[in-house]
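Protein chains: 2
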Amino acid sequence: MSGSVHQSAEQLAHALAEARRGRDEGGVPIGAALVVDGEVIAVGRNRRVQQNSAIRHGETDCLEQAGRLPASVYARATMVTTLSPCDMCTGAILLYKIPRVVIGENRTFYGGEDLLRARGVDVVVLDDAECIELMTDFIAREPGLWNEDIGEQ
Amino acid sequence: MSGSVHQSAEQLAHALAEARRGRDEGGVPIGAALVVDGEVIAVGRNRRVQQNSAIRHGETDCLEQAGRLPASVYARATMVTTLSPCDMCTGAILLYKIPRVVIGENRTFYGGEDLLRARGVDVVVLDDAECIELMTDFIAREPGLWNEDIGEQ
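Listed in order, the protein sequences are those of chains A and B. FYI, this note's numbering numbers position 104 of the first sequence as 104, with every residue one higher than the one before it. FYI, this note's numbering numbers position 17 of the second sequence as 17, with every residue one higher than the one before it.
Don't read these hints as lab results, they were simulated from the structure. Worth double-checking, as some hints may not be accurate.
Stated by the list, open to error - Which chain B residues face chain A? A few, computed with CB under 7 Å, are given here:
no.	residue
1	GLY91
2	ASN106
3	ILE132
Unchecked claim - Using 20 Å as the maximum straight-line C-alpha spacing, the simulated EDC-like pairs for lysine to aspartate or glutamate come out as follows:
no.	chain 1	residue 1	chain 2	residue 2
4	A	LYS97	A	GLU39
5	A	LYS97	B	GLU152
6	A	LYS97	B	GLU148
Built from N, CA and C at the ideal position, the CB exists for glycine as well.
Next comes chain A alone, as it looks inside the complex (with noise of 0.2 Å):
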């Protein structure tokens, strides 16, 4: 695994890539990649509209995607997303010990990058614009969707 900020936006694509078909389908622009070894074992996106879900979120659809795993392999693991993660989603990295976490941008939301710093995680954020972009665009054009997203009203 290497932390170089190259590789870092080499893995965001893939989360992105999710993002952008999350958009396509409708739903909430946000998508990750779960990185292991180099390789990207498992993507996701939330899939609140697609699934009238509550609970599948970017990373928590990519962790269901990637399958029940050993705490050996998540040890190994980085976990790419598009957004800040939310309380859930910095939970579920912080379940499984994930010790390394790359964000694709944090201007739209902030989420739980200081607890997972507390805890021991390695977080980069990219500020990357297309990222940045599809979400404000979002917001901009759903704001309801995106409130119930985040627990707001």
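Once you've looked at the hints, dock chain B against the given chain A.
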């Protein structure tokens, strides 16, 4: 919504029934119920085994069964769970700003109670003998499955 210990124990019965159902299915015996305005609107149970799921813990399964809800409903809800919530389930409770959590027991596993309290959630621990017995038996019988469920080696 009443905060009385008597009503909390009644609410726990719904979560406990789900935990027993999970045990009878060969699963991790943890159950949950979401109570709004005194009514149980959804129940759930850990489905790691039953659905090969990495994200269906008792509380998250319960939130999924409850469906997509506006923040105003979560704001009046109590999450009832047979076991102290793990980091992921703690995060799900925080995401949806559920103001009260009733926990059957926290002797066999101590989850995110401190974080919940620090974030203003009212946490009640019932120290229920049946919940303790259910988990003690399960952990003795299936240590590997239990460790997988909490992300331990």
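Problem - Hint check: 7 Å Cβ-Cβ cutoff, GLY91 of chain B to chain A - result: This hint holds: GLY91 of chain B lies near chain A, its Cβ roughly 2 Å from the closest one there, short of 7 Å.
Practice task
For the pair we were handed, LYS97 of chain A and GLU39 of chain A, check the Cα-Cα distance against 20 Å.
Solution key: holds (18 Å)
Exercise for the section: Tell me if ILE132 of chain B is really an interface residue toward chain A, meaning its C-beta lies closer than 7 Å to one of theirs. Expected result: With a closest approach of 22 Å, the ILE132 of chain B hint is violated.
Exercise for the section: Decide if the proposed pair is consistent with the structure: LYS97 of chain A and GLU152 of chain B, CA atoms, cutoff 20 Å inclusive. Expected result: Answer holds: LYS97 of chain A to GLU152 of chain B is near 9 Å, not above 20 Å.
Handout entry: Hint check: 7 Å Cβ-Cβ cutoff, ASN106 of chain B to chain A
Key = violated (16 Å)
Practice task
For the pair supplied as a hint, LYS97 of chain A and GLU148 of chain B, confirm whether the alpha-carbon distance does not exceed 20 Å.
Solution key: Satisfied, since the Cα-Cα distance of roughly 12 Å is no more than 20 Å.
In summary, the structure is inconsistent with hints 2, 3 from the numbered list given earlier, while agreeing with the others.
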